[in-house]
Amino acid sequence: MSTLSLLTAVSAATPTIHTPHVDYLSILPLTIMMGGALLLMIVSSLFRKILGVGAGTAVAVVTSVAALVAALFQWDHVITHGPQVTIAGAIAFDGFDVFVQITVSIAMLLTALIGDGYLRREGVEGPEFHVLAMMSASGAMMMGAANDLIVIFLGLEILSIALYVLAAFNHKRAESGEAALKYFVLGAFSSAIFVYGIALTYGATGSSNLPQIADYLSKNVIASNGVLLGGLALLLIGFGFKIAAVPFHMWSPDVYQGSPSPVTGFMAAVAKAGAFAALLRVFVSSFGTVRADWQPIIWALAILSLVVGAVLALVQKDIKRMMAYSSINHAGFILLGVETATTRGVSASLYYLFTYTFLTIGSFAVITVMARDGDTGHLISDYRGLARRQPMLAGCFAVLLLGQAGVPFTTGFLAKFGVVGAAEATQAYVLAAVAMVSAAIAAFFYLRVAVTMYSPVGLVADPVDAHQGAGPDSTAFGGTAVGGTAVGGDASGASTVSADGLASLRVLTDDPPTDSVTERGIVPVPALTWVALAATVSFTVVFGLIPGPILDFAHQATLLFT
Amino acid sequence: MSTTTPFPFLTVLVLVPAIGAAVVALVPTKAVGRWFHEVTGALVAVVTLVIAATIAFKFKTGFGGYQLVSDHIWAKDLGIHWSLGIDGISLFLVVMTALLFPLTMLGARARRDPRSFVAWLLVMESACLGSFVSLDLVFFFLFFELTLVPAYFLIAGWGFARRGYAAVKFFLYTFAGSAFLLVGILAVAFLHQSQTGVLTFELPALMHTHLSGTEGVLLFLAFTAAFAVKAPIFPFHTWSPDAYAEAPTAAAVLLAAVMAKLGTYGIIRFDLNLFPQATRTLAPLLLTLAVIGILYGALVACAQRDLKRLLAYSSLAGIGFIVLGTFALNSQGLTGGVLQMVNHGLIIATLFILVGWIYQRRQTWQVSGLRGLQSPAPILAGVFTVAMLASIGVPGLNGFVGEFLVLIGTFDAHRWWAVVAIAGIIIAAIYLLWAYQQVFHGEPTAEDTAKTRDLGWSERMIIAPLIILIVVLGVFPKPVLDRITPSVNQLVVHVDRATHTPIPAGIEPSASASTDGGAP
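As they're listed, the protein sequences go chains Y and P.
Using this note's numbering, the letters of the first sequence correspond one by one to residues 1 to 562.
Using this note's numbering, the letters of the second sequence correspond one by one to residues 563 to 1082.
Note that these hints are calculated values from the structure, not bench results.
Backbone N, C-alpha and C define an ideal beta-carbon position, used for all residues, glycine too.
Be careful, since some hints might not be right.
Per the computed footprint, the stretches of chain Y lying under chain P, defined by three or more beta-carbons under 8 Å from a beta-carbon of chain P, are [said to hold, decoys possible]:
| # | stretch |
| --- | --- |
| 1 | 410-420 |
| 2 | 428-435 |
A short list of chain P residues far from chain Y (calculated; beta carbon distances all over 12 Å) [stated by the list, open to error]:
| # | residue |
| --- | --- |
| 3 | Arg725 |
| 4 | Val981 |
| 5 | Ala991 |
| 6 | Leu1031 |
I would like the entire structure built from these sequences, with the hints used as guidance.
Next up, the structure:
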């Protein structure tokens, strides 16, 4: 009796909870991606014995394609109805958002194709690779769609936690575990800093919602803005870790090297896409009014990333470490667009991210198939003579490397041109000049790999090579020594080299095979990897020659900014 | 003001070698014979030459603006246009380029892997031609940069002992230089946009951008950094002796004869058009560097005991003359500079091809190891003599006409620089004659000198067009000068107007109608 009256009293006192209206179209790709991951996890735990690697790949491919199609529907919707904010202001449904959904879906699709061959080769059964990758991708998508700092954090954590595990998922490799631990400790640390940044920002502006923050900052002048600046700085550090901008890059070479190769490609593309999307949205749109406070910091981060990335990549002997530093250099370029805080800059950064996704995943597809047993030992000298053994593979890799170097008539050039142009449009000439000089340095280490691929094993031309020719390996590739005698006579001239300052660089171009390195045989390339390679290479070349469509796409995405 | 034709000659000119390169690169060696790639490459290069000849034939004399213009939007957002055009300044460079590529391809073949070698050469041809005919600054930059990639691969892949070192040095120097060029191009375009509201990279539009004195000087320096490294102008030349010496013969020929001209052409086409004020201000600096280059190149060449390095330094001196004529900033000087670009290209190409053939026979470039080549190889010696005399600037050969005009122009404008430069000619005579004497005269010291083969028929056929041109241009340069002069006069008028210098009589009338560039 009394219980009943109490219940009635309570129900009368409790206000009805109004759940916000959910516009499912606005989160459709993200939901599909997450749903695909959960479905695969459940199904494969139920039918473990029956389902192999192929089933996981099939689900991942279908899910990514579905997410891509959903994102294209979204694009159509945004074009016709304009940008909007949904789900109680937590999600932005605009061109920028859809651009990120499309980028991440494509990255996931390519990774699924590359991962298949890797899993089969390494004998890793089970669906965890695809489940975790899809989960991580959904996190990146959430970061692209987020319109609230809390949602950004959610996305960041979903992205990161899945990536920590992905870095370690190949339990047969000791390096994987080490990389994962390093990534986890530093990543968790950066997440904590990021959350603290959110807290301080909330304290300073009274909201975690991005448009409300922008609104507050445009209407109020904060007399003592220490808390806001603190929050800004901490947010920037959090993002800095995710995009691996110098000086928050310490983890990236080790983690890139240690992680399984397809994961590294995924990490480079998707983590960057998600983090940069959120960074652009938070800083350019929410903190746009206080840009004078953060632009110098981004300026410094960009310059450091450009220079440190390019210079340290020069001295790497391991191709995955080289790619890590090269991706730091790329991050510096994308930061150029962020620094401008203009529509042109945002559009250029998006274009850069989009093309970079193809270039980097394609490159890691080659690195994956080139790995020695157990996915270890990615020495650049392993690529010596690849063009002779597998001209198609070497050709694809050369195009991707030249694209990353920003060689004319590839998408990479237009990407660099776009961000440098955006920087110059805001009179940031120093930044532009530093970026171009770093591009020159970067072009050199990409070309060095390309030349290594195209120089035959055992061409006796350098004295160092001649010495090598006398070693035990000489019989193995003696047959390929072409023109050796013709140029051998000039070797005496090389002794004068040491007098010159640039001499030390000579070994970099023509890294001679060391004793421990024998010529690689033909490496098998799975059919699905070929598909991924064909897609990335043709994208790089075709849209390098006909740049209009993608440039328009990135430009429109920026115009439809909430 | 410009003439347009329905058939896009220039587009075809640029695309034919590029498509040829793709075909050569994609057909695997196994499917066809080893000869396929070289034959295809040569055919493509010959077809390109035919197109270039057609363009020269179609070219209207006495008209200073851009001709055969084609203009299409390439990237709307970025304001980049596929905009090509040709005038008297670029016409003969295009023809020279189109001529030298097939000759080089046939005369300096690869020791190994002809497929990649030919493909890279064709890429380089496309890029060089594209640079010469681009009127859009971004496309010029794209092609200008693109030349680096094949050059790097050619040196690194087919070069001699220190090829890796030479290729890296070449690449780093030139790429670093052009980094500033891109920054400069973007800066000009955005300044133009802030003044007119239109984002474009087309030269005819951008040449009317108003620049303050400092802006002009800084941008001039940014542009010239790239061109000075590419040319090379002293003191940015340090990559060139290594690159020329270590490059395979074909790459050495093309680096010295064609790619070097991209630098001097860039100065004439872009620095003078875009920054006339700054050009005038900084002309004494560039003239001084040119004169130092002439003397330094000549003196260091005297000290060389290696034929290829001797040619590398003599080439530096040759480039000095072109720069000297350019910065005289008057009609004679500039005409001489443009003509000398073509002359120098022909002469240095002949000399490098010949030295390559000498190396084929004797496996050395050391002067001391070559003594007495004349008796077993009289034709080789004779051809070398002609090219060498042209290089010294003996009247009756093409080198004389160019150097003479350059010196007249410079003497008019900046007397003392011309006087010092003449010393360079005398030194050039000393080292070239000395080298000739050492290599060809005297008693053969090495026993195999007596058995050295003379030029075969195919080699004679390859070298004949070059020698004929060297002589013809020396005796009868009028047809060439008639086509160069209107464009040069127009440029001089543009510079003089911008710098409020009285325009000399005689060059205004024919050019005045189209002074304001050749905007289509």
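Which of the numbered hints are not met once you compare them with the structure shown? Violated hint (a single one): 3; every other hint is consistent with the structure.
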